[in-house]
Every structure is written in C-alpha cells, then in structure tokens.
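Q: Hints are included, so try docking the two chains, each in its own frame, into the full complex.
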Amino acid sequence: MKIEILGTGCSKCQALTLHVKEAVAKKGMFAQVEKVEDIMKIMAYGITSTPALVIDGTVVSSGKLLSVDEIVVFLGS
Amino acid sequence: MFDWWEKIVDALVFGLLGLDASTQKAQALHFFIFDTVKIYILLVLIIFAVSFLRTYFNTEKVRVYLQGKSEFTGNILAALFGIITPFCSCSAIPLFLGFMQARIPLGITFSFLISSPMNNEVAIALLFGLFGWKITALYIGFGLLVAIIGGFVVGRLGMEKYVLIPVVPMSGDLENVEIKITLQKRVKESWAYTMDIVQKIYLYVMIGVGIGAFIHGYIPTEFIVQYAGSNTWYSVPLAVILGVPMYSNAAGVMPLIEVLTSKGMLLGTALSFMMAITALSLPEAMILKRILHVKLIATFFGIVALGIMGIGYLFNAIL
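Chains as they are written, first to last, in the numbering used here: chain A, 3 to 79; chain B, 14 to 332.
Careful: at least some of the hints might be erroneous.
[To be verified] Beta-carbon label-pair distances, calculated as ranges:
(1) A:K43 to B:K174: 16 to 26 Å
(2) A:V75 to B:L32: 46 to 56 Å
(3) A:G11 to B:G28: 33 to 43 Å
I should point out that these hints are in silico values taken from the structure, not numbers from a laboratory. For glycine and all other residues, C-beta sits at the position ideal for the given N, C-alpha and C.
One chain only, chain B, in its complex shape (with noise of 0.2 Å):
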C-alpha cells in the first residue's frame, strides 16, 4: 500500500540527501520520514472513514437500539456500537445517566463504557498504520471481548446501590431519533472533525516517530530485550500500570510501543500496553467519581485490568 512512498523516501534520503543507507542517521532519517507521513495519511483516511460513518449513529440512537435487550445480547451489541460512536470523558457522566433512565441494565452500559474509549478512531488508524491489520483485527477482536466479558461480569455483581445519584427511570419505549442531514453536510461534518483531531494529535505523532526513529537507529536490540522483551511474570502488568496515566497521550506512545516491539518487546505485552492507555484513563475515573461509588469505578478498572493481562499473558505464551 506504502511501497511507493517507500520510493520517494528512499529516493529522497539516500539519493538527493546522499546519505549512506548502511550508516544509523540515514536509518533513523528515513524511518522518520517514511513513518511519519504513512501514518498522517492513515489517520486522515481512517478518522474521516469513521466519523462519516458516525454522522449516521449517536449514543441517543445506540441508546434506543439497546434498550431492552437481554443480558448477554445486549453486552455484545453495546460492545460493537463502542466502536462507531464518539466518546468523550466528558460525555460519560450524561451517557451513563441517560443510559440508566431507559432501564438499560448496569452491566450493559459498562460494555459500552469499556469498548468505546478502547476502540476509538485515532488508536485504530494508529495500530493499523503502525502494525498492520492483522494486530489491529486482534486488538479489536479481543478489545471487544474485554468489554463484553467485563460488562458481564460487572453486571452480574449487583452495584446498582453504588450509583450515588437517584435515576428515575424512564416509563416507555424511547422513540427512534432520526437524523435528517444531507450527504453534503455529512461530509463536510466528517472533514472538519478529522482535521480538528489531526490538528490536535500531528505534534504527539512527530514526537513519538521522533524517538522511535532514534530508538530503531541507536539502541541496540539487547538493551530493550533486557527489559521489555523476556518473559518476565512482571512485564505484562508492569506495562498496564505504565498505560493508566497515557490515555491522552496514546498518539505519541503508539508509535513508540511499535519501535519497541520490532525491537524485541513480546506482542502480548505490547497489546496490553496499549488497551491500558486506551481502556483505562484516569480523567475519565475522576468524572465518573461524581456520580459513582468508588467501589463501583475500582471494580470496573480492576476488571478491565484483569481482562487486560489476561490477553497479554496469552499472548506472550502462544505466539
């Protein structure tokens, strides 16, 4: 998909630059540049791809699909519509509320809580752009069955009394909100909401290829094996706890975490890694804070945890 670009860059570097390919600067140079605009690319056609696709679902529309929903059906659905919907910390407090108005039972709005954050458009473009599909169908795959297992299992504790402020549910059926725009004015929609993203994230994805160039041209294989790479019982949640405070930052982390891996970091560890930046953030605790018992927030984080190293010690075992 790449290849001509790879030509440019070789071109580019080794031709008009005239730097020896064999030499680490030239290395480091042409991954940097190579890396850098493969990725905006990616984020560009994929953030937009997404956020089309979103001008056609809301979570007031997810909400209606989901209520009334059994258990575990209503689980796997909330998973799957985190992937298109929009989510922001900011949002959660009404989301959560709103979803518990409509009598849409604890367990299934925590599977919505978990999948959407995880599964958001930029770490998306970002693992495909870095890793190719294959991780990112895994990433996704087992991200999906983290949220649904967790939801779950959350569910199936009995919280709701750790919800601290009164909802009144709703009598009823909600009624299916349409949304009447023209493709025009969607496109237009999209566009001006992935360039807004971009522009918030291009600095972090030039710093993190930045020091991944530096780190694929400068430090040798052994030194990250040492640390990242052994099988150690402690790397996997070591790499989780390293993920919690990154959430804001998962655009300049990701493309480190790649270096690390061609580097020698196992893939299991690299996964959970990077569901914890996604999965776990602490701001979104912080706001959940004021509608939710502690209990309640440290059982969903040390779930998803669980969940989380579970996926990466697999990993590190079978592959």
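Okay, chain A solo, but in the shape it has when bound (with noise of 0.2 Å):
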C-alpha cells in the first residue's frame, strides 16, 4: 500500500503525516509513506485544499487534519 500526503509544508500537514505514520503502525500495516511537497504534483491530483491523503492514488481526503482514527478507517482491513 502506497500513502502519500499532499501538502506544501503547513503545520497541518506535518500533523497529518505524524498521524499517518501513527495509524499504520497502531494497524501493523507495511504501508510506504510518502509526504509530497511538490506543487506541481500536488496540483496533478486535481485538488484545491491541503493537506490531502492519498492511499494508492485515490484522493480520500482533502482539507482535513483527520484523525489517526480516521486514518484507520481509510486504511481498511
């Protein structure tokens, strides 16, 4: 599983990404975690708020600061 956070290196992205990384490991999970601070790649994925999460290149989120429970959900069984 490939997750990628979007965002240009707000406080709330960096708080995404910690409770990215927190939730898969309360999951067990392999997952690669990626923060993609580029603009130009952010803006591929069609998006106008960040920070955005991506789970294997469908946007789930965009916005948001979620939750590490919320994060669980997205990441499935």
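A: Dropping the structure here:
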C-alpha cells in the first residue's frame, strides 16, 4: 500500500503526516508513506485544498486534518 | 437575547461582590464578565453553524460550480461562496492553481480569494457578538462588494502573465464531487472543528475584552475621540495600514474596536480597520509570492485597500 500526504509544508500537513504514521503503526501493517511537497505533483491530483491524503493513487480526503482513528478506517482491513 | 445573562452578571458584580455600580472598577468588571461569556457563547454557536453548513461544501465543489461561469456572474458567485467555504492561507496555492486548471478566470479566483478570509466564521461571530446584526450585515454586504468589484478589476487588468507557475488547463468539465457522510458524522466533525477554533482563540478574546474593559472604565472618551474619532482625512488609511499585520490576532483586536467605537471612533474607520485585518494578511501575501509576481500581489492588495478605504470614507460621511 502506498500512502501519500499532499501538502506544501504547513503545520496541518505535518500533523497529518504524523497521524498517518501513527495509524499505520496502530494497524501493524506495511505501507510506503510519502510526503509530497512539490506543488506541481500536488496539483496533478486535482485538489484545491491541503493537506490531502492519497491512498494507492486515490484522493480520500482533502483540506482536513484527519485523526488517527479516521485514517485507520481509510486503511481498511 | 442576552438579557438573562446581564441580570446574572448584575447580581454577581453588584449583589454578590457588593461593588458600587457607579464606580469605574465595577463597570469594568461587569463589562468584562458580561462580554467575554456572551462572545464565547456566540462564537460556539456561529462557528458550529458555519462548520456544519460547510460539511456540504468544500473548495473542490465550489470549483465545479464556478467552472464555465461568465465574468460578472462568476465574480458574484465566487464572493458568495467565499462566505461558507473555509479558508486557510496554507491552502492558498493549491486553491489558486486548482481554479486556474479548471479555466476559471483570474478575476473570479480573486473574488473568492478576497471574500473567503474576510467572511470567516470567527470574524462574523465576533462582529455579531460585539456590534449586533446590523453592523454584521453591513460588513458582510460591503465585504462582498469589495470582493466582487476587486476581483472584476483584477480580471480586467489582464495580469495572467504574472502567474509564475505554468498551469496546464484541464480539458473537459469537472465531475461533481459527492460528499457522502452521515448526519451524525457531520455534527461530530463540526463540533470538533468548533472546539479546535475556540481553543485557539479564547485567550485572545479574553485579553482583548480585558483591555477593552479597562478602556471602557478608565480612559476618557475625549482622549479616543481626539485620535480616532475626529473626521481627519488620515484616520481611514491609518486604520487600514494598522489592520494589515493583525490578521492572526483578529479575535483579540475586534473587542478593542468595539470599545473604541462606543467611545467615539467613527464607524467607517472601524469598518475599514476590521476589513483590513481580515482581507489583507501578510502571511497570505508571502505564501502567494511563491506562485505570483510581486506586481500582481501588489495590485491585489492595492485594489482591496482602496475598496476598503472607500467604504470607510463613505460611512464616515453618511453616518
């Protein structure tokens, strides 16, 4: 599973990255977590607000600082 | 609406603490307790209402609505959407580029960019709590006017070449984004958001009202009228310049403006001041500088500042 966090470096984006790592650890799963800061790459996902969460190429949330539990739900079973 | 609360504070300050109602100390304390709690209640109510409404909209959805709209209609719609959508200056870049990708004209994007921070829920809640619905309506109405006309003018200046990042317009139309969440989750999310915001600003509000209470009780009216009340030509532009660096402290500054107004500061000057605080923010300009040429940012700030000053002079003249 590949998880990307889209954000230009604001505090919310950094917080989301931490939450994602925590969620992955909580699930005890293997995932590639990557923070995308290049604005051109971010724009390719067609979002208008950051931070956004992308799982395996699909945008699952944008403009929200998700909680660890909310991310766990996105990670599925 | 808050008569009941006034009675409680009356009983507390004049009855329980036994302070003499005619003393400055009693007046200041009464003012502080009454205003802080009233503003907290309104902040929670209004931020919750706005963030609940917001769970049905997001900027991606706004972009779908604005795509393909004609110039003037687009400016009006963009300004109106600015009221309900959240705005965080950290999202300014993806918002700006995302709108351009969808071939939304620069002017319409700026209408949104002016209206969104100006009509943020904290400013509206504070205005409503401090000044009542009439001033709040004037602020929103004239704020929209600045956003519509300001965006329209920026659009007409043909400054597209000052966008520094090459934006590849997408072909075709955007699909409507569906937001599928349960009512229970919407309420829960809005509540969490409300608490998050209130936690961030409650201290500023308390300090702002505290200083306000001090001015209210101890500083003579003549002193304020001399500096902010007299209809000198420079009071409006001065208010706008002072407002620019205060964006992050809007919650603390608004209570002060209310006290200054009650002590004789002219309403037009006060409106200009408040609009400059919310609409012209330096952090936002710094962030936009990464994708826009300084000339475009300066034009944007200049037009908004002129619009805000126009409103200030207008109100000082007619009220």
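Q: Next step is simple, just say for each hint if it's right about the structure.
A: Cross-check of the supplied hints:
no. : hint                        : result
1   : A:K43 to B:K174: 16 to 26 Å : holds (24 Å)
2   : A:V75 to B:L32: 46 to 56 Å  : holds (54 Å)
3   : A:G11 to B:G28: 33 to 43 Å  : violated (54 Å)
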